[in-house]
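Quick note on my numbering: the sequence shown kicks off at 1 and runs consecutively.
These are computed hints drawn from the structure, not numbers from a lab. There may be inaccurate statements among the hints.
Here are the simulated lysine-lysine pairs, PhoX-like style, with alpha carbons at most 20 Å apart [as the list claims (entries may be wrong)]:
1) Lys100 / Lys51
2) Lys96 / Lys146
3) Lys164 / Lys192
4) Lys380 / Lys339
5) Lys284 / Lys243
6) Lys332 / Lys359
7) Lys284 / Lys351
8) Lys290 / Lys226
9) Lys50 / Lys95
10) Lys95 / Lys44
11) Lys369 / Lys386
12) Lys164 / Lys146
13) Lys290 / Lys247
14) Lys100 / Lys147
15) Lys146 / Lys95
16) Lys100 / Lys146
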Amino acid sequence: MKIEGDTFEVLTSLTFLNMSDCVKVETIDYRFINLISLGNIIFKDCTILKKINTKFNSMTNLKLLSFEGCENLEDMLMGLNFLLSLQVLSFKDCKKMNIKNDTFGTLSSLTYLDLSGCIQVETIYNEFANLISLENLFFEDCTNLKKIDATFGGMTNLKRLSFKRCENLEAMPIRLNYLLSLQVLSLRGCTKMKIEGDIFGILTSLTYLDLSDCVQVETIHNKFAKLISLENLFFEDCTNLKKIDAKFDSMTNLKLLSFEGCENLEDMPMGLNYLLSLQILSFKSCKKMKIEYDTFGTLSSLTYLDLSGCNQVETSYNEFTNLISSENIFFKDCTILKKIHATFDDMINLKRLWFDGCKNLEDMPMELKHLSSLQGLSLKGCTKMKIEDDTFNALTS
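Whole structure, please, built from the sequences with the hints as guidance.
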């Protein structure tokens, strides 16, 4: 469909307009200015839209405006700063768009802003500090973002903040520790970012924190212990992480914890055995980690445990027997694992059990035949293992 410039000129009662995927649209005509009743405008995935001739300053009722996926749109909208009722604004994947420093300063009603994939963005300007109603702010995949001038201290309503894969961003946002309502924070893939020790100390509402691929992180500081509302915590592929100073005993709401790929981490987190709500735990490919024998004994809510590639594991201790809720356990490529002390007869919920590549493991797990719920079992590459004749008789699932 080709959109004519005068199509909408007299539709002054129009409140909702969706032109998503209208890939023939190259220009937004100046006569759009007459649509003074509009509350929602969506131009999502108008991939050849290049030019906006109209001003938006008369659309004072506008609450939602989306140009998501308009990959050839270069210039910001004229009069955007007059949209005082605007609540939702998305320029996601507008790869060629240049963000003006004074664009957002007056949008005090804005609750949702997505600039993900705006690869022309190099700086977050001071004017962002005026977005006092913001609840959701996304800068994901802004690969050229290097500097944050804005302070975040006034954004007291902010609940979700993501800088995922901003690979050239070096410094944390200023006054991040003022965001007392923040629930979700992702810095995944911020490979140059230096994490300050006291940044997270007072973010007591935080339930989700992802620091995966933050390769500058060497230590988890004591202040992490104050994140008492955390439910999901990721340190995946933090390849330089060596030390955990923080104790985890106060994080009693934690349900998911992953250190997958932390190849230089040697010691287990302290207080791990207090995480009675923990359901998912991964130390996959933590090649240097020493597993303490009493670590898992109290984790009765744990359903998923991955110790694959933990090359320091020599023995599976008795305490594993207490993991009565476990559905998935992986010891894949634990190359020096030799002995299994734990019996598996109480793990009646276990569905998948993997010992792939455990080339020094000689004996089968005891009471394996009691695992009536077991659906997947792999002993591939267990070259020294002796298989008992009656081991599999009762594994009818």
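(request) Would you pick out the hints that fail for this structure and give their numbers low to high? (result) 8
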